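Engineer: Once you have looked at the hints, place chain E on chain X.
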Amino acid sequence: MAELSGKYLVGVFDDDDVLLHAVPQIRKEGVKIMEVYSPFPIHGLDVALGHPRTKIGIAAFLYGLTGCACALTLMIWTMGYDWPMIIGGKDPISIPNYIPITFELTVLFTAFGMVTTFLITNGLGPNRNNKFDLRSTDNKFVMAIDLNKNSMTQEDISDILKKNGAEEVNVKQF
Amino acid sequence: MHVTSPVRPPLVTGGKTYADVTEDICRQVEGKPTKPWKIAFTAAVLVLLYGTYCLAWTWWEGLGVWGLNKTVGWAWDITNFVWWVGIGHAGTLISAILLLFRQKWRTSINRAAEAMTIFAVLCAASFILMHMGRPWMAHWALPLPNAFGSLWVNFNSPLVWDVFAISTYFSVSLVFWYIGLIPDLATIRDRAQNKVSKFIYGALSLGWTGGAKTWARYEYVSLILAGLSTPLVLSVHTIVSMDFATSVIPGWHTTIFPPYFVAGAIFSGFAMVQNLMLITRVVYRLEDYITIEHIESMNKIITLTGSIVGIAYITEFFIAWYSGVEYEQYAFLNRMAGPYWWAYWAMMTCNVISPQLFWSRKIRRSVKWTFVLSVVVNIGMWFERFVIIVTSLHRDYIPSSWAMFTPTMYDIGDYIFSFGLFGTLFLLFSKYLPVINMAEVKAVLRSSSEKLPAKVAGTAKRDNNLNQSV
Numbered sequence: 001m002a003e004l005s006g007k008y009l010v011g012v013f014d015d016d017d018v019l020l021h022a023v024p025q026i027r028k029e030g031v032k033i034m035e036v037y038s039p040f041p042i043h044g045l046d047v048a049l050g051h052p053r054t055k056i057g058i059a060a061f062l063y064g065l066t067g068c069a070c071a072l073t074l075m076i077w078t079m080g081y082d083w084p085m086i087i088g089g090k091d092p093i094s095i096p097n098y099i100p101i102t103f104e105l106t107v108l109f110t111a112f113g114m115v116t117t118f119l120i121t122n123g124l125g126p127n128r129n130n131k132f133d134l135r136s137t138d139n140k141f142v143m144a145i146d147l148n149k150n151s152m153t154q155e156d157i158s159d160i161l162k163k164n165g166a167e168e169v170n171v172k173q174f
Numbered sequence: 001m002h003v004t005s006p007v008r009p010p011l012v013t014g015g016k017t018y019a020d021v022t023e024d025i026c027r028q029v030e031g032k033p034t035k036p037w038k039i040a041f042t043a044a045v046l047v048l049l050y051g052t053y054c055l056a057w058t059w060w061e062g063l064g065v066w067g068l069n070k071t072v073g074w075a076w077d078i079t080n081f082v083w084w085v086g087i088g089h090a091g092t093l094i095s096a097i098l099l100l101f102r103q104k105w106r107t108s109i110n111r112a113a114e115a116m117t118i119f120a121v122l123c124a125a126s127f128i129l130m131h132m133g134r135p136w137m138a139h140w141a142l143p144l145p146n147a148f149g150s151l152w153v154n155f156n157s158p159l160v161w162d163v164f165a166i167s168t169y170f171s172v173s174l175v176f177w178y179i180g181l182i183p184d185l186a187t188i189r190d191r192a193q194n195k196v197s198k199f200i201y202g203a204l205s206l207g208w209t210g211g212a213k214t215w216a217r218y219e220y221v222s223l224i225l226a227g228l229s230t231p232l233v234l235s236v237h238t239i240v241s242m243d244f245a246t247s248v249i250p251g252w253h254t255t256i257f258p259p260y261f262v263a264g265a266i267f268s269g270f271a272m273v274q275n276l277m278l279i280t281r282v283v284y285r286l287e288d289y290i291t292i293e294h295i296e297s298m299n300k301i302i303t304l305t306g307s308i309v310g311i312a313y314i315t316e317f318f319i320a321w322y323s324g325v326e327y328e329q330y331a332f333l334n335r336m337a338g339p340y341w342w343a344y345w346a347m348m349t350c351n352v353i354s355p356q357l358f359w360s361r362k363i364r365r366s367v368k369w370t371f372v373l374s375v376v377v378n379i380g381m382w383f384e385r386f387v388i389i390v391t392s393l394h395r396d397y398i399p400s401s402w403a404m405f406t407p408t409m410y411d412i413g414d415y416i417f418s419f420g421l422f423g424t425l426f427l428l429f430s431k432y433l434p435v436i437n438m439a440e441v442k443a444v445l446r447s448s449s450e451k452l453p454a455k456v457a458g459t460a461k462r463d464n465n466l467n468q469s470v
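If you read the sequences in order, they're chains X and E. FYI, the working numbering numbers position 139 of the first sequence as 139, with every residue one higher than the one before it. FYI, the working numbering numbers position 12 of the second sequence as 12, with every residue one higher than the one before it.
The following block holds chain X by itself, in its conformation from the complex (with noise of 0.2 Å):
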């Protein structure tokens, strides 16, 4: 997460299903919510909020390609060019043989790219903090906004959230 600074209004809610449903109302109602924080996943809510979808799945596929790449090359010219050797009476280039450490590669350099593009889009690093509402990895749904990004008053947006299920409505000042 990137560093916060400026006020925000803090949205407590009590209930997944209610926050997934105040979403959309919120929204059409004019309050930019900067984000929702929960305890899991919640399906549907990053379309109702209006994310872009991740592109993560395509540098996963170009991590892979690269494992892939590495391997064969690393085989080929070790085996074929380095220093070639007929062993078992198979040539020295032999791909059928070279499947099984292609595989491994692959998805070795998949899984690791795939995650360390994982934490560092999502800036996840040693000893950050949970800044908005503790709560938010137990029990509660916590939707937070920017007032400087909303020309609305805060009396407003909190009449809106208030209106739409939110438990509680605080204030958070970094």
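It should be emphasised that the hints constitute simulated quantities derived from the structure, not laboratory data. Any given hint might turn out to be false.
Said to hold, decoys possible - Each pair of labels, with its calculated beta carbon distance range:
1. Phe174(X) <-> Ile292(E): 23 to 29 Å
2. Ile363(E) <-> Met85(X): 37 to 43 Å
3. Tyr178(E) <-> Phe174(X): 28 to 34 Å
4. Lys162(X) <-> Ala43(E): 52 to 58 Å
5. Ser167(E) <-> Pro96(X): 20 to 26 Å
6. Ile95(X) <-> Tyr330(E): 53 to 59 Å
7. Met85(X) <-> Ile353(E): 45 to 51 Å
8. Met132(E) <-> Ile95(X): 28 to 34 Å
9. Phe174(X) <-> Trp60(E): 58 to 64 Å
10. Gly15(E) <-> Lys32(X): 34 to 40 Å
11. Gly88(X) <-> Met336(E): 28 to 34 Å
12. Phe174(X) <-> Tyr50(E): 52 to 58 Å
13. Ile363(E) <-> Gly123(X): 50 to 56 Å
Said to hold, decoys possible - Dumping the calculated EDC-like pairs for lysine to aspartate or glutamate here, alpha-carbon to alpha-carbon at most 20 Å:
14. Lys213(E) <-> Glu35(X)
15. Lys213(E) <-> Asp159(X)
16. Lys213(E) <-> Asp146(X)
17. Lys149(X) <-> Asp159(X)
18. Lys90(X) <-> Asp243(E)
19. Lys198(E) <-> Asp146(X)
To be verified - Short derived list, chain X residues pointing at chain E, Cβ under 7 Å:
20. Val10
21. Val36
22. Val115
This structure is a prediction, so every number in the text was calculated from the model and none was measured. Beta carbons: idealized from backbone N, C-alpha and C, even for Gly.
Structural biologist: Just chain E now, kept in the frame of chain X:
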């Protein structure tokens, strides 16, 4: 959002709310170590110390301390290696394959099963290092110019494939497990009362906040990791089986090995998960999360894979006869009726007959029966590897070199080492990390709990009514 079939029993019983889940799972992480845990941990560490002594002596003195001889050059070391790798298959199977198949019951058991996988693969890897005899030469297995000259490893060899398969499997499983842990570590961080745990869990949870964007990416990453891990799980034991299958030893040289080994691995892995979970659920009072339904589901998989293994045993015999190869035929007759007949029949009884008892609903829903039969299955699977390895080797082509294998105290001690290592790691895990994936359990709670926090008219309410009518 979910439509639950009314005939399906709830995955989590006891009418838990989200807060209850957090409370129940965090309890043992936050509390002081209990007396039973301390006793078990001390015992595991003592076993590990004894094993470490045996292992140290094996390395100091050399592999001569084992009972190997000229004919039987692989015995307990590789038996134990394959056994542990096999056990290490259940965790990723549960979290990856069952994720792809949308089997929601996996949420209660995947965390512990994945931990088990990682520790079991570590135990397996320790046997790889042991059987090298000179572990300080272990880097020779890596694609470095051999001895830093100009030779390379032989990429045609399944033993080299194995190095890649096991290390990829271990590291990908570890990453998969850790990514799944992050949200739960954040839960513990946000509840932490003292400075030390705030710092440790704060560092480990990497600043997780659970934003919708993060969760969407998290789910996507989980799905791709699952998609990758699924063929990975299958590839690992396939490659382990190729260590044998690509050789020309009668009894090893069979094309049926890859699927047969994979089924056997899942079979023994689930049996080990059963053993661990049955103890964990009682000790940590998690009966509402790991219910009889979970146990039954796993028993069904044990029966399925056990039956595949049984068919594989019989197919091997048929093919040995059908091939018309005298040596192949002798190898199999020798397994069944030779000097190691007892190992063969132990394997047949434990692996083929015992899981068939689970056809009885009463038995597969009984905790005691499940525990006993799971132990039996793991004994049987150890014997399977012993039969394949030692029985195939001990009578080779020249009758004058026929020999028997007798384990020494170091063969046994090195096996004990792996139990000590596994026990110590698993106990540490079960005390300091959440044994159940809280976030995933919470996500299936609405569609599967008896008492639902339904407030909005529509889907949630309908789910509620359906569940109440059960």
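Engineer: So which of those numbered hints doesn't the model satisfy?
Structural biologist: Hint check: 1, 2, 6, 15, 19, 20 fail, others pass.
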